[in-house]
Amino acid sequence: MSLAAAPEPQTLTTRYMAWYRFTRNPAAVIGGLMVVSVVLAAVFAPLIAPYPDHVGAVVDFRNRHAPPSAEHWFGTDKVGRDILTRVVFGFRVSLLLVIGVLGVAVPVGAALGLLAGYFSGLVERIITGFTNVMLAIPPLVMALAIGNVLEPNLVNAMLAITLLWWTWHARLVYRVSKSIAMEDYIEAARLAGASHWHVLTREILPNCVSVISVKTTLDAAFVILFGATLSFLGLGVKPPTPDLGSMVADGRQFLPEMWWGVLAPGFAIFYATLGFNLLGDGLRDMFDVEA
Amino acid sequence: MVQPLLDIAGLNVAFHTYGYRAHVLKDVSLTIPEGGRVALIGETGSGKSVTAKTILGTLPANAAVESGAVRFAGRDVLTLPEAERDAMKGTAFSIIMQDPLSSFNPVFRIGRHLDDVMRFADRRLGRASKEQERTRQIHAVLRKVQLSDPERICRAYPAQLSGGMRQRVLIALALLHQPRLLIADEPGTALDVTTQDEIMKLINRLVAENGLSLLMITHNLGVVRQMADDIYVMRHGEIVEHGALRTLFTAPRQDYTRQLVEAIPPLYGPQVTDQPPVATPPIVELAGVWKTFRERRLIGRGSAHDAVRDVSLSIRQGEIFGLAGESGSGKTTVARMIMGLIGPSAGTISVAGTALAGTVRSEAFRRLTQIVYQNPGTSLNPKRTVGQTLSVPLTFSGLERARHGERITRLLRQVDLAPHYVSKYPHELSGGQKQRVAIARALAANPKIIVLDEPTSALDVSVQKNVIALLQRLRDELGLTYLFISHDLSLMRNFCSRIAIMLKGEIVEEGEPKSVFAAPEHPYTRALIAAVPVMAEEEERMKPSVSLEERRRFLVDAVA
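Chains as they are written, first to last, in the working numbering: chain A, 191 to 481; chain B, -1 to 558.
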């Protein structure tokens, strides 16, 4: 029996091509390094921070509002705690928020989007209709409402953000899966007897993974920003837990003389947000998708 | 010696991607005499289009001309300053694009496209032009490409024109500034044969009347016979053979050229294969089938469109039944009804003795019909390996996991693929290999009938030949029945045991290919057959004749 004689086409693996594109993109690599540094700082916070006990309700009034120095690189706050320490631990809260919000919103949104994109008719109309209604609620109003009805704390802030965040993923995955559902290979799988579950999870979902991961990375930046906003408004983390948003809020009262009170946390928010944004953009170029 | 109009000498072009250098043009030399018609033929990826782009100066940024010269009327265009080279575009040489739809911006009217090209070309030449003057010139060129109502064409949006008309506008675009060299990159390939035929005749006439030179880039050797005197054969970036039309086709010196020529299914003559007729009971029967698609609107009455009208046919067991027709004739709708994917609006369909009710595809029905799609690029899931794709029908027909590997290896062997292909992803496969995997997937469900929806139209002829041979062997070995949908009549002549011709939802002619091609009854069949590009003069003479009146009646794009 003769085997097909056609020459092998150029076989560069997708992984190699993606890695090549990623590493040739300075912004993406820098963004990636920034994100890694934030994550490492958050994970190893107790080892990195110079005054780990300043996380709690420590008061050292002799050192209050100390300007940046060798002992306190970014100065101290209104009760004399080391700002660097609190910023490093602040990353923990920010990333916790990201994981909490996106860990729920992304799977829920993706699942609803998949269902709506694959099943046409009633399922599609109900899900897209509901998504559109939820999109019309301003997130800040939602957060205020939940903060007032329940209790303004980190968990409720997460809840408020999550309740609205899934809509973006639902819409994105809906759009992508709807176009993939039209492809010949989906019909072929159905003709081969594949179940809806198989088609959704094995045929369509893998084609959405790149889009979802790009969107999730970009989202991380917005969740950090939004979480900081909520804390700034007093709807998020309660003291004494260090949080970047509430640190900025605290430091604001002593501007402009004690500028270091807002500089470090402000810069930390900027750094983490920029890192996730650059990384997300880099991933988008790497996967070559619209998200 | 007379100086040739275009002289390419020792051209080497390389692309740099992903840190690798791909040498795509290797020492390419080619000359086009003033007024000559030259064809550059070759299969996908042979470097034909790159050659054209080098001449035009539109190579992508990651391509580099490493050595060689492109002399146009004695001047090397590669060394010219950018502005001078830009000024040559459209005036010294211009290109007729391949894709009549994606070459236009859908939000601008046709007139705007033409006027923009005209205005910028004038500006590059340092000429101020008045709008009325340009309009007059545009209208003149549109009339030249046989678009009889230039005013209406200019006002139309691209989507409002038919494919053939858009292709004519593309030709007009190339002719606006009376270039001396016309480069045609597979014109008409995306169109129906009858339209393609009209376009070829038009280009030929324009070249002859205006004394242009033509560089025809194509993979269709039948087209080449009508369009060129001098032929260059390209393979893997090299010119492998060069010669005059007559000698090259009748006595090719290179094996590769011979393979190309032989891979083309003949329409007439002694080389034609006759499939033996099959006298078995029918497995598929359609009686008086209609399919109406209704469009509902929010306001006002919706519209209805009859995609299939009163079709009755029967396909015998073990037959290769060909359904021919141009795009929009309803052949795919018929196939989808037979597969139970859509239900008929009226009439009855029975497959293997059971009448189809609605669109239910039961477990038993799955074993009856499977499909192989036209486009190898979209028929396999890019995120799944060959093995994963093939295991789907096995899993859902209840085969235990442990026996999958053995069955998949056998399936791959049946379609002539080595067992190690099991772990490959679609992007690692060539078009022909993808189509083989698609065939294996169809076989995996153990069907009795396979619908082949133009399975080879996206493949090169030599690959097509192998895939067709494979399909034939599988039918003989497994006793399959094929419903073969295609618009490629010369392929159907050799591959089908019976064919039916569809026009606007109706079957206008049906019979064994031998008799249909020898004496086509319906004028539309005659027009279709007459439009097929063939390889030899003798075949051309054996084609049925079509009167002008008949052509006007049945072919949308025919122009007097």
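Careful: at least some of the hints might be erroneous.
What the hints assert, rightly or not - In silico contact screen, one side only, chain B against chain A (beta carbon under 10 Å); selected entries:
(1) Val276
(2) Leu339
(3) Ser343
(4) Ile347
(5) Asn373
(6) Pro380
(7) Phe394
(8) Glu426
(9) Ala436
Read the hints as simulated data drawn from the structure, not as lab findings. In this text, a Cβ means the ideal position worked out from N, Cα and C, and glycines have one as well.
Status of each hint after checking the structure:
1. Val276: violated (25 Å)
2. Leu339: holds (8 Å)
3. Ser343: violated (20 Å)
4. Ile347: The hint is violated - Ile347 of chain B has no Cβ within 10 Å of chain A, the shortest such distance being about 17 Å.
5. Asn373: holds (7 Å)
6. Pro380: Because about 7 Å separates Pro380 of chain B from the closest Cβ in chain A, which is inside the 10 Å limit, the hint holds.
7. Phe394: Holds: closest Cβ of chain A sits about 3 Å from Phe394 of chain B, inside 10 Å.
8. Glu426: holds (5 Å)
9. Ala436: holds (7 Å)
Comparing the model with each numbered hint stated earlier shows that hints 1, 3, 4 do not hold.
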